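> Sequence:
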Amino acid sequence: MVLFEASAMTSSAQAVLCRYRYDPLDRLASSSPVRQEDIQRFYRKNVLATEIQGALRSTVFQHEDRLLAQQRHVDDLVDTTLLATDQQRSVLQLVDNTGVESMAYSVYGHHPAESGLTSLLGFNGERRDPATGHYLLGNGYRAYNPVLMRFNSPDSL
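Quick note: the sequence shown uses my numbering, first residue 81, plus one each step.
Quick caveat, the hints were computed from the structure, so don't treat them as lab data. If a hint is listed, it holds; no wrong ones were tucked in.
For each label pair, taking beta carbons as the anchor points, the in silico distance ranges come out as:
| hint | residue 1 | residue 2 | range |
| --- | --- | --- | --- |
| 1 | D103 | T178 | 33 to 43 Å |
| 2 | S233 | T160 | 29 to 39 Å |
| 3 | L157 | D118 | 18 to 28 Å |
Note that the structure is predicted; figures quoted are calculated from it, not measured. Think of the CB as a built atom: it goes at the ideal place given N, C-alpha and C, for glycine as much as any other residue.
Construct the complete structure from the given sequences, taking the supplied hints into account.
Written out as structure tokens, the structure is:
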């Protein structure tokens, strides 16, 4: 397992926000946000399929390259949400038993965190990191910041 830490700079010190662990295939296997339970990630055909954090288990259902739904299990409670997406797999609407929630993104994928986003996946069908707000593309290989509209590191050639 490879360990990586994301940190935030304050005026006088540096604080660790999250620790990331990668499997031998260079996929993000788990993350440990500060003062929260670890998040484990499981993949099917190199695409995020299930995420587990404590008693919460979130599973994404898809057919071929189409996102269909997500299901969240907390203890004995099950919450199923249908996902309405565009051709690029960006989640545009969430439909569940309480109603419909619409979502919008900037051209570069920014979506305000305070908007109540409840989907596991977002812009281009990618998972947004809860600790940093960045998209960890390539199964966690490369971080993209939608606010700065930049990758945090260059691509390896």
